[in-house]
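6 protein chains.
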Amino acid sequence: MGVKTPKESHIVMTEIVLPNDTNVHGNLMGGRLMYWMDIAAALAAGKHCNAPVVTASVDNISFESPIKLGNVVHIEAKLSRAFNTSMEVHIRVWGEDLTHQYKYKSNEAYYTFVALDPNRKPRPVPPLQPETEDEKRIFDGALRRRQLRLILGGKMKPEDAEELKALFKKE
Amino acid sequence: MGVKTPKESHIVMTEIVLPNDTNVHGNLMGGRLMYWMDIAAALAAGKHCNAPVVTASVDNISFESPIKLGNVVHIEAKLSRAFNTSMEVHIRVWGEDLTHQYKYKSNEAYYTFVALDPNRKPRPVPPLQPETEDEKRIFDGALRRRQLRLILGGKMKPEDAEELKALFKKE
Amino acid sequence: MGVKTPKESHIVMTEIVLPNDTNVHGNLMGGRLMYWMDIAAALAAGKHCNAPVVTASVDNISFESPIKLGNVVHIEAKLSRAFNTSMEVHIRVWGEDLTHQYKYKSNEAYYTFVALDPNRKPRPVPPLQPETEDEKRIFDGALRRRQLRLILGGKMKPEDAEELKALFKKE
Amino acid sequence: MGVKTPKESHIVMTEIVLPNDTNVHGNLMGGRLMYWMDIAAALAAGKHCNAPVVTASVDNISFESPIKLGNVVHIEAKLSRAFNTSMEVHIRVWGEDLTHQYKYKSNEAYYTFVALDPNRKPRPVPPLQPETEDEKRIFDGALRRRQLRLILGGKMKPEDAEELKALFKKE
Amino acid sequence: MGVKTPKESHIVMTEIVLPNDTNVHGNLMGGRLMYWMDIAAALAAGKHCNAPVVTASVDNISFESPIKLGNVVHIEAKLSRAFNTSMEVHIRVWGEDLTHQYKYKSNEAYYTFVALDPNRKPRPVPPLQPETEDEKRIFDGALRRRQLRLILGGKMKPEDAEELKALFKKE
Amino acid sequence: MGVKTPKESHIVMTEIVLPNDTNVHGNLMGGRLMYWMDIAAALAAGKHCNAPVVTASVDNISFESPIKLGNVVHIEAKLSRAFNTSMEVHIRVWGEDLTHQYKYKSNEAYYTFVALDPNRKPRPVPPLQPETEDEKRIFDGALRRRQLRLILGGKMKPEDAEELKALFKKE
Chain S
1 MGVKTPKESH
11 IVMTEIVLPN
21 DTNVHGNLMG
31 GRLMYWMDIA
41 AALAAGKHCN
51 APVVTASVDN
61 ISFESPIKLG
71 NVVHIEAKLS
81 RAFNTSMEVH
91 IRVWGEDLTH
101 QYKYKSNEAY
111 YTFVALDPNR
121 KPRPVPPLQP
131 ETEDEKRIFD
141 GALRRRQLRL
151 ILGGKMKPED
161 AEELKALFKK
171 E
Chain Z
1001 MGVKTPKESH
1011 IVMTEIVLPN
1021 DTNVHGNLMG
1031 GRLMYWMDIA
1041 AALAAGKHCN
1051 APVVTASVDN
1061 ISFESPIKLG
1071 NVVHIEAKLS
1081 RAFNTSMEVH
1091 IRVWGEDLTH
1101 QYKYKSNEAY
1111 YTFVALDPNR
1121 KPRPVPPLQP
1131 ETEDEKRIFD
1141 GALRRRQLRL
1151 ILGGKMKPED
1161 AEELKALFKK
1171 E
Chain B
2001 MGVKTPKESH
2011 IVMTEIVLPN
2021 DTNVHGNLMG
2031 GRLMYWMDIA
2041 AALAAGKHCN
2051 APVVTASVDN
2061 ISFESPIKLG
2071 NVVHIEAKLS
2081 RAFNTSMEVH
2091 IRVWGEDLTH
2101 QYKYKSNEAY
2111 YTFVALDPNR
2121 KPRPVPPLQP
2131 ETEDEKRIFD
2141 GALRRRQLRL
2151 ILGGKMKPED
2161 AEELKALFKK
2171 E
Chain V
3001 MGVKTPKESH
3011 IVMTEIVLPN
3021 DTNVHGNLMG
3031 GRLMYWMDIA
3041 AALAAGKHCN
3051 APVVTASVDN
3061 ISFESPIKLG
3071 NVVHIEAKLS
3081 RAFNTSMEVH
3091 IRVWGEDLTH
3101 QYKYKSNEAY
3111 YTFVALDPNR
3121 KPRPVPPLQP
3131 ETEDEKRIFD
3141 GALRRRQLRL
3151 ILGGKMKPED
3161 AEELKALFKK
3171 E
Chain F
4001 MGVKTPKESH
4011 IVMTEIVLPN
4021 DTNVHGNLMG
4031 GRLMYWMDIA
4041 AALAAGKHCN
4051 APVVTASVDN
4061 ISFESPIKLG
4071 NVVHIEAKLS
4081 RAFNTSMEVH
4091 IRVWGEDLTH
4101 QYKYKSNEAY
4111 YTFVALDPNR
4121 KPRPVPPLQP
4131 ETEDEKRIFD
4141 GALRRRQLRL
4151 ILGGKMKPED
4161 AEELKALFKK
4171 E
Chain Y
5001 MGVKTPKESH
5011 IVMTEIVLPN
5021 DTNVHGNLMG
5031 GRLMYWMDIA
5041 AALAAGKHCN
5051 APVVTASVDN
5061 ISFESPIKLG
5071 NVVHIEAKLS
5081 RAFNTSMEVH
5091 IRVWGEDLTH
5101 QYKYKSNEAY
5111 YTFVALDPNR
5121 KPRPVPPLQP
5131 ETEDEKRIFD
5141 GALRRRQLRL
5151 ILGGKMKPED
5161 AEELKALFKK
5171 E
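Protein chains in written order, with the working numbering: chain S, 1 to 171; chain Z, 1001 to 1171; chain B, 2001 to 2171; chain V, 3001 to 3171; chain F, 4001 to 4171; chain Y, 5001 to 5171.
None of these hints come from the bench; they were simulated from the model.
A couple of the hints might just be wrong.
Lysine to any residue pairs mimicking SDA-like chemistry, simulated, CA-CA at most 20 Å apart [as the list claims (entries may be wrong)]:
hint, chain 1, residue 1, chain 2, residue 2
1, B, K2165, V, K3007
2, V, K3007, F, W4094
3, S, K68, Z, P1122
4, Z, K1105, S, L150
5, F, K4007, V, H3074
6, V, K3105, B, V2054
7, Y, K5155, F, R4144
8, V, K3155, B, S2106
9, B, K2155, V, E3064
10, F, K4121, V, H3100
11, S, K4, Y, K5103
12, F, K4121, Y, E5064
13, Z, K1007, B, E2076
14, V, K3004, F, Y4102
15, F, K4068, Y, K5004
16, Y, K5121, F, V4024
17, Z, K1121, S, E64
18, V, K3157, B, G2141
19, Y, K5004, Y, N5084
20, B, K2103, Z, N1050
21, Z, K1157, S, E162
22, B, K2165, V, K3165
23, Z, K1155, S, N119
24, Y, K5068, Z, P1019
25, F, K4157, Y, E5162
Not the full set, but computed from the structure, chain V residues with beta-carbon under 7 Å of chain Z [as the list claims (entries may be wrong)]:
hint, residue
26, P3019
27, N3020
28, V3024
Quantities reported herein were computed from a predicted structural model and do not represent experimental measurements.
Think of the CB as a built atom: it goes at the ideal place given N, C-alpha and C, for glycine as much as any other residue.
Build out the structure end to end from the sequences listed, making use of the hints.
This is the structure in structure tokens:
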């Protein structure tokens, strides 16, 4: 399996906020946005491994700028790191008010997917080779995020998380 | 504002997995489940504070057992801790195959909401008093989860997170 | 097949009224509510018989208090009586305005379902044993409702409906 | 307000059964059909009174022939009787398999609507003058159906329902 | 295969404009209307040939009178001409404001469908015999519209389009 | 109003074909695709003029390669020509099967939008300056397409359409 770059799995999704996507404040509901992000991220993971994928986990997401009814939602997703059978996808979201020519960062997130073979068992995925500085920085952070996921999922003890421990020991 | 208990914000939601909720494997898409969890959690937060709420953040979620087409989705949400103007909600999800009488844990998560006043500014929420052992354990863990959210959101330095540091320093 | 109680088929569903669920008055459309009630009732029937079910009939429903946009819809369903291959489900619906802490009865109804075997033929369902006073009263009324359904469906002559005739002959 | 005929409120609706409208048997869910019937009936009532309307009640519906995935749903609705501020609408539903050229009666029902003035209070509606034999027969049955609705809604005592009592007293 | 008339494939569809169907002006979005027109036209084509059909092309559509939120959409479709394996369907759309008793022409269009056999290959369809003056006029224009489709689809040279050339050569 | 380039209004939309988007063959319905194309094109037009827009017309579309259930739909839209108050948008659509790494052209189309001022009257839009060879070719063809729209909409006589007449007079 040949090495692939983040660019090769890059996906752009554009949606418009319709009435049924909003809460009583006329803002995009968080859950609707997570639904779109899941689809964008699944497509990026599918482009990387050329196999069916399933969502394995979603990292902490914080919603900063609400996106208003009638505004445009821009979602960009691309692979941030490939592990053996799983892939971490980095997603960035912007809102845009076309009339006022105002585009604003809404949030970003990491979703993890597993590739499946025809028997629905995990199968290997191609390695990822980051190219830009930004991609390399995000690639490097993936081990730390993965340890956090394992600890939060009860599959690793905090004291074994070398990458994370380093963070907390800074003086 | 009187103290409230988790029981007072307890919400039960039941959904059925329809074709459009599934991926090509016939399993419930992760994004659709996060959408339902967001609504259930927002209702629990709204019941606690009796005011409009917006999703502020979602903690790490891992999807363990996929829920199949035609199965039932059970979602339970109740307040796990109230802060000044924000509320952490604990959500548990089960799948159920009615024909085979098989009910299985799918996943659990913490969503955080902010209460808004009529000018859309954050407003105070009632304090929460946990009652059961389970509620107390989850209440106690909320400070640690909150520090993690602040660090992941870039609003706290890891070395200032006393609750979290304790975790990593165990020998 | 062992006897079951109404409690064993009890289902709670919670929905929020979104813009597309409302008519021009901003009230939940009757048809959307009947759609949700059908799903809740089908789940209760499925829990009782552990088999696929189909809607056979719906009794007279009257809509008293309209449920407003943004309000919460609470739907509770549980078995009211089991016949040979069919099940009557009792459904109660409340609306709730979380901000004003106001919960109001919206309506109630009886839906009837038939259990199907793998060849899509009706199959026997477990008997129902009501427990509470309320459940017993509703259980007892089921014969009368069933005669009414048979008359309205053209499958029984009014003069043969002993249960119903008693009602009209009171002096 | 001039008298109107049933023909003037006649509405035809045609839908196709898509995957998300079906249960696990691939048949149209009863709740989805009641949703479409509610919209068709509301349009017929709106055409009769030229004012906003709300669903007041739905009479007993029995589902006889299931409608299959991919089949066509034909819904016809027209006024069956006008009362002071309320209107009874008669709805007939057929399924059709275009490939096999097979059209079958699915069910029929009566929905009742109330006309509203700009303050959301009930307002008078035009009288209805049935024309065909079929319309006259259905018009005549409306009093009996109305007594039944009032009894089932707890607003009339069975012994006061002269129209219905006559039915049960036949020897 | 016996000859059929346009009347035999006549389909009437009625929809109501709900919030999610509208743009920020509260008008029905063009794309939603084209979606409904496609379904109505596919049903008319399916009625004519009694076989599965797929959309082959859509002719120029212009949207004249916008249809408002809460208004009724009336769509009528019937066959305008049958070719060997394809069918042209003529669609007319009206909006209606029930309260103001105002019905207005919205637009009209021609969609073309191909009939498929069980192997998904094009199969012959019955010939069409127009009856009314209007149907004959539309039938006659079909050749001109077809040449235009072929030219626009790059399958015919403008100079070979005899029917169209006649139009441009009028003095 | 400054001149703008096609690149400035370029929009990329990515969707996945879900069960409810498909016909009985498991292919994306034409009407659903036209709905997505309308949204993508409206966003491109809105980006160009920074004002609300409404769909004025859609040119002939032919559907060549059906897009399958589970495949990805790529839609690209950008301005092809600006007139006084209207804008023509060019849309290209591809399907992609991620597992088989197969991407195929599905169709292309031109949608025309009108920009509206706050009183819903047409308002001027910025001029468009094409940059690439492809953009220039498409820009040049816009006059011909516009004459065709005017003729098809009954607003121009064929004999006055100089651009189109030239096409048919080639020897």
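For which of the previously enumerated hints does the structure constitute a violation, in increasing order of number? 1, 15, 23
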